[in-house]
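Build the full structure now, drawing on both the sequences and the hints.
Read off the chains here:
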Amino acid sequence: MLNSIHALVRPGRDLRVDFIRGLALWFIFIDHTPGNLLGQMTLRNVAFCDATEGFVLLAGYAAGIAYGRLMEREGWAHAAARVAGRVGTLYVAHIFLFVVFTAQVGYSAAALDQAAYLDELQLDPFGQEPYRAMLEALLLRYQPAFLDILPLYIVVLAMFAVALPLINRPGWLLGGSIALYAAARLLDWEPPSWTGSAWFFNPLAWQLLFAIGVVMGRTDPQALARRFPWSRWLAALAVLLLLAAAVTLNLTWHGPARGWEPPEWLASWLAGVDKTGLHPVRVASVLVMAWLVAHWLPAGARWLNGPPAAPFVLMGQQGLAVFCAGIFLSFLGRIALELASGGWVQAAVNLAGLAALVAVAVVSAWYGGEGKRRRAPALPATPQAATP
Amino acid sequence: MARLRDTLRPALVLAALLLPPGLARAEPAGCSAPPEAMEAAPLPGSVAALSRGALRVMVVGSASTHGGGTSGPAATWPERLDKVLGAHVAPATVQVSVFGGRGTTAADHARIIAEEAPRLRPHLIIWQLGTVEAARGLSPDEMVEAVQDSVARLRASRGERTDVVLVDPQFSRFFRANADVETYRDRLRLAAAASGAQLFSRWTIMRHWAETERLDLERAPRASRTAVADQLHDCLARALTQFILQGTLRGARDRAGGERP
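These protein sequence lines map, in sequence, to chains A and B. Here the first sequence is numbered in our numbering, starting from 1 and rising by one per residue. Here the second sequence is numbered in our numbering, starting from 1 and rising by one per residue.
For the record, the hints were derived by calculation from the structure and aren't laboratory data. Errors might be hidden in some of the hints.
For each label pair, taking beta carbons as the anchor points, the in silico distance ranges come out as [what the hints assert, rightly or not]: (1) D188/A to A223/B: 48 to 56 Å; (2) R132/A to R119/B: 37 to 45 Å; (3) T212/B to N45/A: 18 to 26 Å; (4) A179/A to R119/B: 47 to 55 Å; (5) R232/A to A156/B: 46 to 54 Å; (6) A156/B to L234/A: 37 to 45 Å.
Here are some chain A residues pointing at chain B (derived, C-beta under 8 Å) [to be verified]: (7) A47; (8) E74; (9) T102; (10) G106; (11) T195; (12) E264; (13) R334.
Here are some of the chain B residues that sit facing chain A, going by a computed Cβ distance under 10 Å [claimed, not checked]: (14) A117; (15) E145; (16) S224.
Think of the CB as a built atom: it goes at the ideal place given N, C-alpha and C, for glycine as much as any other residue.
See below:
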């Protein structure tokens with residue numbers, strides 16, 4: 001079976017990116033099913049960043065490659081129109097998931113019949129003002145819990161459509177992106193939200209990771225390796241820093257319950273590492289990891305090209321379909337974990353969840369979701385085809 | 001009266017020091033909370049107040065402090081705390097005042113503390129928060145800031161005389177499934193550690209009770225729900241009492257240790 005999955009993998013791309021993206025999508029599914037025991041083993045438990053950072057960075061990387069080529073061949077208007085079409089698809093997907101979410105909340109409220117127990121839960125905005133909530137959801141100003149990544153992606157991709165002309169001037173692109181990031185953080189620029197003061201992910205800040213991904217995707221890998229040369233000492237330092245971060249985070253979270261009080265200055269600094277505005281430490285953390293992985297995982301690694309890695313590679317290649325399916329499946333997983341508890345539900349949710357994600361990737365690749373549309377016109381621009 | 005207090009003070013401190021932990025935990029079976037949720041750091045303000053004979057407790061929070069499905073105000077955990085803690089520390093007295101209400105946020109609580117604390121001069125503030133923030137998806141960063149600013153202001157005005165204990169949301173499978181509770185709990189842990197406050201994890205304790213099938217309000221039959229809610233609040237008050245007593249024991253040991261030449 002792995003061999004038939006492997007046959008669907010599109011060759012010629014950097015399979016490492018697809019593999020890591022697939023892994024990030026799996027982590028996002030796990031992190032979106034609260035109560036899942038595997039949730040204690042994902043990246044966010046040991047690092048400042050989590051799968052979201054990886055997902056946005058690699059989304060930028062893939063977009064840089066795909067739309068960059070399109071832009072060179074067909075011009076800005078054409079490429080921007082294609083990006084806009086993608087934005088539209090994401091928007092529809094988001095609204096669909098929003099409807100599923102409200103249905104799931106309604107179902108589990110009825111199933112658990114939790115009347116007066118947690119009074120505050122009746123205060124959820126949809127329960128109080130459903131008509132207004134519908135409108136605000138369409139305006140992306142209302143994002144229920146766990147439905148915050150797609151709105152971020154939608155806005156960042158829309159900004160990318162405008163910034164496409166800068167794609168061959170990485171300095172300008174990065175400069176503009178950093179300036180916007182700094183302004184968003186220092187001047188508190190953020191899109192309005194209905195329920196609170198801000199979006200869970202501020203797109204004006206998070207665009208930075210996407211832009212870095214775009215520039216990385218557009219740069220020749222050799223040049224990139226020369227720009228950030230490998231050094232054993234630097235790598236050792238990076239690993240030490242990542243380990244120190246893991247230890248510090250866990251001591252601060254779990255220390256007080258075991259009789260160890262972290263120093264206040266340390267906890268105070270950690271409490272200031274925000275996710276909403278993409279704290280610089282989170283950027284550094286994901287970039288350092290990317291650098292280490294890029295070196296330790298050679299592009300031509302045999303296992304990466306073999307059947308065992310194929311499910312994750314394929315999931316990464318069919319990113320959008322798998323992401324949406326993952327969010328949808330996480331709703332089902334939550335209901336299952338809500339109604340029953342114990343090892344077998346955990347195993348069932350995770351095995352069925354992963355199997356379904358792979359199945360979605362297989363169907364999408366076979367039917368021609370993300371690959372085929374792009375494959376035919378993209379071929380002439382690939383280096384292999386252009387050399388002879 | 002003052003003389004009586006003065007005579008009692010050494011006896012009280014001594015009693016607190018010598019009280020075997022097992023005695024402090026003399027509670028009905030079923031209430032035993034997991035030990036990792038009962039680890040309290042010293043509570044110097046409460047120790048000082050108890051050694052003087054009167055502990056003023058200020059409870060601030062959202063709906064569960066005022067009802068939470070119990071049979072009435074007398075059955076809520078703050079009222080039960082008043083009784084249970086009072087019985088444990090007698091002859092010292094405990095006075096619990098409750099503020100806040102349904103749907104109030106950490107920012108509301110911070111305002112209440114700023115207004116009421118100078119008048120009330122509490123020795124212990126029990127601040128229950130996070131549920132409304134998570135249910136409505138309010139900014140976790142602002143919740144953390146509210147805690148840090150508020151505790152810093154208390155430190156500036158009252159120094160070591162006021163202890164702060166944060167209380168996180170009630171465990172619920174429904175809540176866990178439909179709100180990003182873990183994010184808010186992580187941030188509450190950091191906010192407590194960053195401001196020198198402590199965290200009493202109601203979530204961990206109630207999850208333990210639910211998973212060991214001792215006390216599971218969410219799965220209780222509708223007819224017995226009020227009774228189970230009463231029992232839950234009583235048990236929460238007992239666990240909190242144990243937590244506070246442990247903190248005062250530590251505080252007393254620190255004081256005794258500090259006074260030694």
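Status of each hint after checking the structure:
no.: 1; hint: D188/A to A223/B: 48 to 56 Å; result: 51 Å, holds
no.: 2; hint: R132/A to R119/B: 37 to 45 Å; result: 39 Å, holds
no.: 3; hint: T212/B to N45/A: 18 to 26 Å; result: 24 Å, holds
no.: 4; hint: A179/A to R119/B: 47 to 55 Å; result: 49 Å, holds
no.: 5; hint: R232/A to A156/B: 46 to 54 Å; result: 49 Å, holds
no.: 6; hint: A156/B to L234/A: 37 to 45 Å; result: 44 Å, holds
no.: 7; hint: A47; result: 13 Å, violated
no.: 8; hint: E74; result: 41 Å, violated
no.: 9; hint: T102; result: 10 Å, violated
no.: 10; hint: G106; result: 10 Å, violated
no.: 11; hint: T195; result: 5 Å, holds
no.: 12; hint: E264; result: 6 Å, holds
no.: 13; hint: R334; result: 4 Å, holds
no.: 14; hint: A117; result: 21 Å, violated
no.: 15; hint: E145; result: 9 Å, holds
no.: 16; hint: S224; result: 13 Å, violated
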